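Asks: Listed below are the residues making up each chain.
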Amino acid sequence: MSMGKFLFRRTLQGVFVIWGVVTALFGMRAVSPGDPATLMLGQGATRNLIERVREEEGLNEPIYVQYFDYVTDLLQGDLGYSWRSEREVEAMVIERIPATIELAVAATVIAILIAIPLGVISATRRDQPADYGATLFSLLGISTPNFWLGLMLVLVLGVWYGIPYPSLGISSDLSVRFGIGFIDLPTGRRGAGFVEGLMAIVRDGSFDELLTWLRHVTLPAITLGTYFTALITRLTRSGMIDEIGKAYVTATEAKGLPGVLIRYKHVLRNTMIPIVTVLGLQMGTLMGGAVITETVFNWPGLGLRLIDALSIRDWPLMQGIILFVALMFVVINIVVDALYTYLDPRVSVE
Amino acid sequence: MSEEILRISDLSARFFTNEGQVNAVSNLDLTVERGEVFGIVGESGSGKSVTALSIMDLIDSPGEITDGRIEYRNADLAEAVADTHPEAVDGEFVDLLSIPEDARKSLRGSSFSMIFQDPMSSFNPSLTVGEQIAEAVEVQRRATANPRSTKARTKSVEYSLSSLVLSTVLPSRRFVTEAGRKRAVELLDMVGIPDPAQRTDEYPHEYSGGMLQRAMIAQALAGEPDVLIADEPTTALDVTIQAQVLDILRDLQEETGMTIVLITHNLGVIARMCDRVGVMYAGEVVERGTLGDIFQRQVHPYTAGLLGSIPDIESVGGRLEPIEGNVPSLLDHEMGDRCYFADRCPKAMEECLDKPPDISAEGSEDHVAKCVLADHPYDPARALPDDHFEELTVGQGTAGEVADDD
Amino acid sequence: MISNRVKSNLRQTFRNSLLPKVGVLLLATIVLMAVFAPVLATHDPTRTGYFHENGGPYPPPGFDYTTTVAQGGEIGEVRITATSEHLLGTNTVGQDVYSRFLYGARVSLLVGLFGVSLALVIGVPFGLVAGYYGGRVDDGLMRLADVMLAFPSLVLALALIGVFGQQPIRIPDPIVMGSEYLDLGIASGMPESIPIPGSVTVVVALVTWVWFARVSRGEALSLRNEEYVKAAKSMGEHNGAILLKHVLPNSVTPIIVLATIQIAVIILIEASLAYLGFSGTTLSWGYEIERGQDVLRTRPWVSMLPGIGIVLSVISVNLLGDWFRDALDPNIEGSERGA
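Residue numbers (our numbering), protein chains in the order written: chain A, 1 to 350; chain B, 1001 to 1406; chain C, 2001 to 2339.
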C-alpha cells in the first residue's frame, strides 16, 4: 500500500472519530440539565422571550432534527454562537489557538530536550547516582499535579528567591493570581506572541518582543512540560535498557563504533519507535494539562476559555473548543503513524 | 610459519547472578597461531562464547574477567604502550587486560572482529545493511587516517555528540561518508551478494538468513582484521547455506591470510575448517591439539563422547551415543574441586576427585588433555561407583545458560 | 486467579528493590491517615473562624508573619506566630489545615478507589465480551475507544461534569459512628458524615473505563485461542461460564496492574477538577490549593500542604504500580498514562 493510500485510509478513520466526537458532544449537551434558552438569556428573562428564543434556535424541534441541524451547520463550518457573549464560536476558538499552541510546543520542546539525554544517561549509567537522580525526578514529575507545581515554582522562584518574573514584583497578593499570565489587565488583550516576536525582529531588528514572550512562556511551559519530561525520561530509560540488551548492540560494539553513535544513532533510534507512539496518544494529556496550566497562569489560550465556558455552561463554546482539541489529536496521531513507518522500516504502511 | 598471534593464559570469567557466582570460564589456556583456523568446540554452556567475548572485551555486567592474560602479538602496539604500561608488554606481545579500556576498544574492527550466531538479530533492524557495513569501514578509515596513531592505535575512534546533532543538517559531519558506502558495496560483492549496489540500501529484514550472514562477514572484514572470531557462524542457517558460508570463510581466509577463531558445537564444521582445536567443557579447555590429535588420538573421554555423539556418515545405521548425564552446573558453590566431567565420565576413577592438570598426550607437540588418562591407562579396580555423584546432580543444568547463550 | 509464579515474582521484586518498600509504606500511612482521620484530627475540618485575635489565620511553625491591624483607631503592625492549637495553621477562612489535610486524604483515596472500581465494573465485562466474541461488538468497542481517546481525559471529565453537575454524596462516617460503642478518643464535633464527590467519581470512571475495556479485550482475544478454552468449548460449556471460569481469571494480572496505575491517574484528575472548582466538595486537597492560590505570597502554607499530600499519595500508588509491572511484566498499553 502506498503512503497516499495509507494517509487516505487514516484520514477516513479520523473523520469517523470526529463524527463520533461531534455526536458525543451533541448528546452531552442534549442530556445536560438546564434549559439552553434560559442559559442564553439569563434568569431574568420573561417566559415569552424564552419561548421565542426556543423557537428561533429550533429547540422545540424533535431531537433528531436538532442533531441533523447541528451536523449540517458544522459541515458548513458554522460552530454557532456563544450563548453568553453572542459572538461566533469559530472566532472565539481561533483567536485563542496560537497561545495554546505556543505553550504546548514550548512544553514539548523543553520535555524532549531534557528528557531524552536524561533517559539515555540514566540507562547507560544504571544504578549510579545519575540514574537514581533521574529516576527520582521522573517519579516526582509524573506524580505532581501541574497546577500545584506551577504555584510552587512561582512561590519558590518568584516570591522566595525574588527572581524577576513578569508582574511578580507587585506586592499585592492578587498579582500572583492575575499578573503572571499574558493578559494586559487594563485592556484585556493578549501581549505579543511568538510569531509577533519573530516579526518584530524582521521588521525592526528588535529582540525585545521575543524576549518578553520568552520570559512569559518559560514558567508555564516548564509547568506543563514537567510531566512529559518525566514520562519521556522513564520511557527512554526503560526502552534503552531493553534495547541495549539486544544482540545487535553487542555486534555494533564489536565493530569498534564510537559510543555516541551506538547510543544515539543505533539504540536511541530504536527506542524512539515506541516512544513516538506513546507521545501521540499523550497529546490528549498535553491538552488536558494545558487547560490547567492556562488557568494557573492566566494564559489566554483555549483551556482558559474552556473553563470560562464550562462555568457558565456555554455549550456551543465548549463544543467548539473540545471539537478543535479532538481534531488536533486526530491529526497529530495520523502524523505519528506516518512517522512510525519512517522510523521503523519493518512496518510497511499496511 | 607457526607464529603465535594470540596467547590466552589462566583466563577466568565470572558472572555474578541472583543464583550465585557462575564460573563461565575457568583458568583457560589457549594459543592461536597466525594464519590458522583455530576451532573451539563444546556443548552449550561450556564457555565458548564467553571466551570469544572476552577477547573482544565485550563481557558486560553482571559478567567480569576476574583473572588471566590475553596476549596479542602486535609489535607496534607493544612499543606504543611500553612506556605507560610496561607490565602489559612481553616482547611483541601485549596483555590486553592490562592496557586501558580505550586502547583495548581501539583494537575492535582492525585487530579483532567478530561474526555472531544469529545474523537476523545482530544487525540493527532500522538501518540499511550498507549503512551498517559502511560504519565498520569508517571506523577503520578514521583510525588509520589519524596521524597520531600511524604506529599503533591506543585510542578508539571518537565522534562527538555535537557532530551527531550537526550531521542531521550538515552531510559533511556525518560519520559515514560516500567513500565508506562505496567500500561497503565492494565488500558485499566480495562475499558473493548478488546485485550489491542495490542490496546495500535494503534493510536486514529484506535479506535472507544466509545473505545476512554473508553481509556480517563483509562487515567483519571491513577493518581488515588480524583475527576474525566466528561464533557459531552457521548455527542459525539452513544446512545447504551452512556449507556456502563456510566456503566463503575458508576462501577469504586463504586470500587474506587472516587468523580465524571458529567457535561451534558442530564437530563436522571443525573437521571441515580447522587446523587446531580446543575442546571446552564447563569453562575449561579439556583437550587441545591438532585436528588429528582430537579426531584420531583423543585422550579425554569427553572428546571421545562428543565424537561418539555425532552421526557418522560412514557407519550408516550405527547407533548415536549421547553422553549420559546433565550439563554441568557452573555455579561456583556447586562445582567443587575435581574433574568436572567425572560425574558423566564412563572411565571415572578415584584420581578424578582431584583436579587434573594439563598433561601432554601422545601425538603432536601441543596435544594436551586435562585428564589422568593421558599418562596412565584406565584401571577398572579404581573406578568410582555409579552412584557416587548422585546427590550432586540434583538441581543442576540451567545455570550454565546464564553465562553462555549459544 | 493469581498464580504462585506471580506471587513469587512479586515477593522477589519487593525484596530486591527499595522503591516498592517505600511505596507500600507510604500508601499504608496515607490509608491509615484517611481511615482514622476523625481520630487523628484535632478540629472539625469544616468549622471556620479559627483566626488569630488580630484577624489573620494562624501560620504553621516557620511561617510567622506580620500584619497591619487597626487597634482603637491606631494602625499598627502585629506579629502573628504559630500556635500549638493548630499544628499546621489555619486557612483563609480559619479552618484547621491539619484536620483538613487528613480528611482530604479520604476524598482522594475514596474517589480513586470507587472510581477505579466503577471503571472496572463497566470496562472489564465489556472488553472481555468484545474480545471473546469478536465481530460487531468488538468493532463497536474499538471505534468507541478511538472516539473516547480523542478527548483529553481532563477535558472529557470537564464536559461530563457539565452533564452530571457537581453532586456530592454524603455517607455516614463509620469511625465516628463506631465511637458510640468504642472509645476511640475522637474530639467532639467531628462531622458524622463524609462528603464524597459523587458525580466526580462517576465521571472519572466514565473517562477511564475504556482503558480497562481495551486491556481486557486484548486478553480475551488471545485467551480465546488457548487450548483449554477450546477444550471447554468443545465439552459444551456455556460461553458465559467459559468467560467467568477461564478467561476472566487469566486476565486478572494485567488488569490489576492497570487498575493500580489508573488510581494514580484518577487521584490527579480529581485534584484537578477540585482545583478548577468542579468537584462539589470543599474537603479536597485540590480545592484547598485553589483556595490558597490568592494568598500564595503571604500565606503560602495553605496551598503547599495539600499539594504535598497529592504528590505523596500519587507517588505511593505509582510505586506500587511500578512494582506490579516490573514483577508481572504484562506489557499493556495505557499503563503509561497520566492525567
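Be a bit skeptical, because a hint or two may be false.
Claimed, not checked - As a list, the in silico DSS-like pairs of lysine-lysine whose alpha-carbon atoms are at most 30 Å apart:
| no. | chain 1 | residue 1 | chain 2 | residue 2 |
| --- | --- | --- | --- | --- |
| 1 | B | LYS1182 | B | LYS1155 |
| 2 | C | LYS2007 | C | LYS2245 |
| 3 | B | LYS1347 | A | LYS246 |
| 4 | B | LYS1182 | A | LYS246 |
| 5 | C | LYS2021 | C | LYS2007 |
| 6 | A | LYS246 | C | LYS2233 |
| 7 | C | LYS2245 | C | LYS2230 |
| 8 | C | LYS2230 | C | LYS2007 |
| 9 | C | LYS2233 | C | LYS2245 |
The set of hints was computed from the structure by calculation and includes no laboratory data.
As the structure is a computational prediction, the values presented were derived from the model and not from experiment.
Asks: None of the hints should be skipped; say for each whether it holds.
Replies: Going down the list of hints, with the structure as the test:
| no. | hint | verdict |
| --- | --- | --- |
| 1 | B:LYS1182 - B:LYS1155 | holds, 26 Å |
| 2 | C:LYS2007 - C:LYS2245 | holds, 20 Å |
| 3 | B:LYS1347 - A:LYS246 | violated, 42 Å |
| 4 | B:LYS1182 - A:LYS246 | holds, 28 Å |
| 5 | C:LYS2021 - C:LYS2007 | holds, 16 Å |
| 6 | A:LYS246 - C:LYS2233 | violated, 40 Å |
| 7 | C:LYS2245 - C:LYS2230 | holds, 13 Å |
| 8 | C:LYS2230 - C:LYS2007 | holds, 27 Å |
| 9 | C:LYS2233 - C:LYS2245 | holds, 12 Å |
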